[in-house]
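S.K.: Residues per chain, in single letters:
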Amino acid sequence: MPDKSSDVVQGTLDMLVLKTLALEPMHGYGISVRIEQMSKGVFRLNAGSLFLAIQRLQRDGLIDGEWKATENNRRARYYVLTKKGRQRLNSEAREWGRQAAAIARILEAS
Amino acid sequence: MPFLRNITSGLRSLFRKEQVDRELDEELRAYQEMAAEEKMKQGMSPKDALRAVRLERGSLEITKEVVRSGGWESFVETCWQDLRYAQRRLRMAPTFTIATVLTLGLGIGATTSIFTLVHAVLLKSLPVANPGELYRLGKESRCCYQGGYSQEKEFSLVSYDLYKYLRDTTKGFSELAAFPSLEMVFGLRRAGTSEAAQGYPGEFVSGNYFSMFGIRTYAGRALTDADDHSNAPPVVVMSYRLWQQKYGSDPSVIGSVFDIDGKPFTVVGITPPGFFGDSLRSSPPDLFLSLNTEPYVESDADLNKVDTHWLELIGRIQPGANPASIEAEMRVELKQWLRSHWSDMSANDRARFPEQTLYLTPGGAGITTMREQYEHWLLILMMVSGFVLLIVCANVANLMLVRGMERRRQTSLSIALGAQTSRILRQPLTESILLSLFGGAAGVAIAFACTRLILRFAFPTFAGFASVPISASPSMPVMLFALVVSLLTGVAFGVGPAWMATRVDPIEALHGSSRSTAREGSLPRKTLVVVQAALSLVLLSAAALLTAALQRLENNDLGFAQDRRIVASMDPRLAGYRSDQLPTLYRRIHDSIASIPGVSSVALCQYSPVGYGWGAGVWVDGHPAPGPTDDNSAAWDRVSAGYLDVIGTPVVRGRGITEEDAPSSRKVAVINEAFAREFFQNEDPIGKHFGTEADNSRKYEVVGIAKDARYLIVDKPDGAFFFLAEAQADYSQTNLGSLFLHDIVIRTRPGASLSDAQVRQAMASVDPSLPIISIRTLKDKVATQLTQQQLIARLTSLFGVLSLVLASIGLYGITAYNVGRRAGEIGVRMALGASRGQVVRLVLRGAFLLIAIGLTLGIPLSLATSRALSSQLYGLNPYNPVILLLAVIVLAVFGLVATLVPALRASSISPARALRTE
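Chains as they are written, first to last, in my numbering: chain H, 1 to 110; chain A, 1001 to 1918.
Hints were generated in silico from the structure; no laboratory data involved. It cannot be assumed that every hint is accurate.
What the hints assert, rightly or not - Computed list of lysine to aspartate or glutamate pairs in EDC-like fashion (alpha-carbon distance at most 20 Å, straight line):
(1) A:K1041 to H:E71
(2) H:K40 to A:E1056
(3) A:K1688 to A:E1678
(4) A:K1039 to H:E71
(5) A:K1064 to H:D14
(6) H:K40 to A:E1038
(7) H:K68 to A:E1023
(8) H:K68 to A:D1021
(9) H:K68 to A:E1678
(10) H:K68 to A:D1025
(11) A:K1667 to A:D1621
(12) A:K1039 to H:E36
(13) A:K1335 to A:E1355
(14) A:K1041 to H:E66
(15) A:K1017 to H:E66
(16) H:K68 to A:E1033
(17) H:K68 to A:E1037
Modelling step: build the complete structure from the supplied sequences, incorporating the hints.
M.R.: See below:
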């Protein structure tokens, strides 16, 4: 684990959660672990921000939640991407890609 | 539907709070335990693992709080909490709550009751179908007859012929209806009964009147086009009110025959209960007759006079039609109609032909004579009640500020513990809005009572007539108005104190010291007192001015006696009398009433004071004829013998009209002093002759001069005025309007009482079909001329006193509070040797400075208000220094009393006790 972790870039948490869930249905802890792993420890999620994002996405109809048993036989709430959530993820990812490329070009220009 | 989902999910957390909380709790616990398990796999003890998770990912409780406050429902929830908290706090201070709610109730009630009137008179539409589709002819209402083929400014009244032309050629209207602009009274009697006919307001209307308004009758049928023909059987539609009140909703009325002005009519229908005709007026019509029955009822009919314009028009436009293009179309039609009458037009009419035009205006409110008449004073009252509301706001804001001060320690504690500013701000604001809503509820109740009173004063009713169709019970718009006003006042008086509350320095407040010499934080409160004093001065001086103007009017010598005089009004024309029958009728009426016990003398006249009069041009015998710019007009009245004695106008020279003025003797006239001054300057008028036509200046001989009086209007003496003898009138002229006398003036003996029934009976013994329009004392008749003025003066005085009391309470409050806060300081001063007098002076000085500033600001404001009022003062100088000074003194005295009480209390503090309270 790198000794420096940072907050998720403003406004991108929702997209990251959607991306995580696009791979497979997941519970809250799973989502945060997955994001940490995939970012190689750069992003560490605070429980407050994570569950707030989950509540928001759920209310927007982008994800659905369901109580299930984990592999360790513990009850946890699993979240799945809805059709609308998948569409949103696609459009946001595309937009992000465009912007990131643009920013990179500006920074590389000398 | 993310929106819907958001709402349902929010509602779920609101109403199934426990379950939602439990689920969140379970989810978060699972999350925490999974994280801890991970740590334990790496070799930590369960306890250390949990601690590490909390450090890394935040504590369970804070996470829960964050998630909970993320949704909109948390806002609702805190609002609810605030509301419950505010309600609890208010319950804990019942005196404060009741006082505030009452004060607010008075302010909101005053404003709401005036708004009820404003809404009914100025804003409301007629109770008919789709009033937005109605358009009427004319920009301003104009009464009652226009002759010839030109009208000044706009063609707003039309003849029946012009109406038919406009109705048949204009395409944009689905219906265009007509009715006279004159308010008429008809004598009504059920046919075959012996009861005396009684006068009721009524109206001739075109056959499509009811279908144009979209009004369906309550019972029976409405008038139709088929009823509006010269040979259709005469039918009438009766108002629901008359049917219910006079005939007890008797279903047999429909189909029965009634005599209207002596002519039989069949009642075919009853109007719906809320319908009051085409205009808001103090006595709405009870009878609706078709226009074509006018020649049948009236001996001097206007229906077929092509150039007598007496009809108002209201039409319903076709759906989607453009009123502007209809107006343009009608202008062309007007010109065409005028051109088709070119040969009948006078040279003057022809010269004015190019500028003849007409206007179509929204007619949803009907004919708005009353609106134009009352607009001005309603706006004055609205302004006055607005001032009262401002004073109320200032007063309550002051109380709230004091409350805020008392809460300082608690507020600082909350801030120190990390409460959000928005939450601290919302708390007192919630409290104020809650208070103002309670105040609004009280206000609506007060407004209801108040409006009923105002209606009684503002629109006097005649016995048997309908009253003005304005309801005192609050309607939807009025309730809405009260709600908005309450919310606005709540914010107005709450936002200042709320903002002050957040500006507390926690450290300072927690020190717990309430010691104070300087009155820090009291600037807003002082400002409020200053504002109150200034506004009170404005209201007081306005009230004093209006009252003074009213008193001047009431105490004017009107030039006739008002006590022991009764006026019965009739209209022989309505009972179908011809002019040659009139002399006998007048003689019999005179004798019949004179024989009632208690009557000392009786006389008949065309018009008794105060109100109407006829005008005529005067040509004096032996004087050069008046030039085209000379004003030779005079008002006149036709009266029976002894009239001046009966009415009590003294004759200063010569004699009045007497029995000796017979048809065969020389024609005489009695003139007033103004007539003598104007037409005879230095000559002695007695024995001189004048006439009312250029070629007959020897028609009347002046036999007497009567004292100047106010027969026409109460606020200034009449100009030239003369009286002619009824007995000498030329009754061979058929249907000359001035031959029909309207008023019977009855003088009673001192101490005698005369009932209406006695008068009616005496009249019925002469002719049961002769309608009595009203029986009133002369005093009442004069008083109705002053109704508006009285009402404004009384209401403004009431509001003025209210504001004075409120301002005094405000001043008392702030002085008492300051004295309380300075108890320690005063104690020290007294311990060091200050006398009681010095302490009283110290307190008074502070308070009086505020009043002085308030008065200084109030004086220019009052002067500006007086200027705005000047049209209501009947010539009283609006810049009246005595009245202003009086208002200043009254305010100062009340201020003194309000501050003296706490000042004296302060001076009686024992120094030892004051110092101990620290």
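S.K.: Hint by hint, note whether the structure agrees.
M.R.: Tested hints:
no. : hint               : in the structure
1   : A:K1041 to H:E71   : 16 Å, holds
2   : H:K40 to A:E1056   : 17 Å, holds
3   : A:K1688 to A:E1678 : 14 Å, holds
4   : A:K1039 to H:E71   : 18 Å, holds
5   : A:K1064 to H:D14   : 19 Å, holds
6   : H:K40 to A:E1038   : 17 Å, holds
7   : H:K68 to A:E1023   : 13 Å, holds
8   : H:K68 to A:D1021   : 18 Å, holds
9   : H:K68 to A:E1678   : 110 Å, violated
10  : H:K68 to A:D1025   : 16 Å, holds
11  : A:K1667 to A:D1621 : 14 Å, holds
12  : A:K1039 to H:E36   : 15 Å, holds
13  : A:K1335 to A:E1355 : 10 Å, holds
14  : A:K1041 to H:E66   : 27 Å, violated
15  : A:K1017 to H:E66   : 19 Å, holds
16  : H:K68 to A:E1033   : 16 Å, holds
17  : H:K68 to A:E1037   : 19 Å, holds
Hint check: violations occur at hints 9 and 14; the rest are consistent with the structure.
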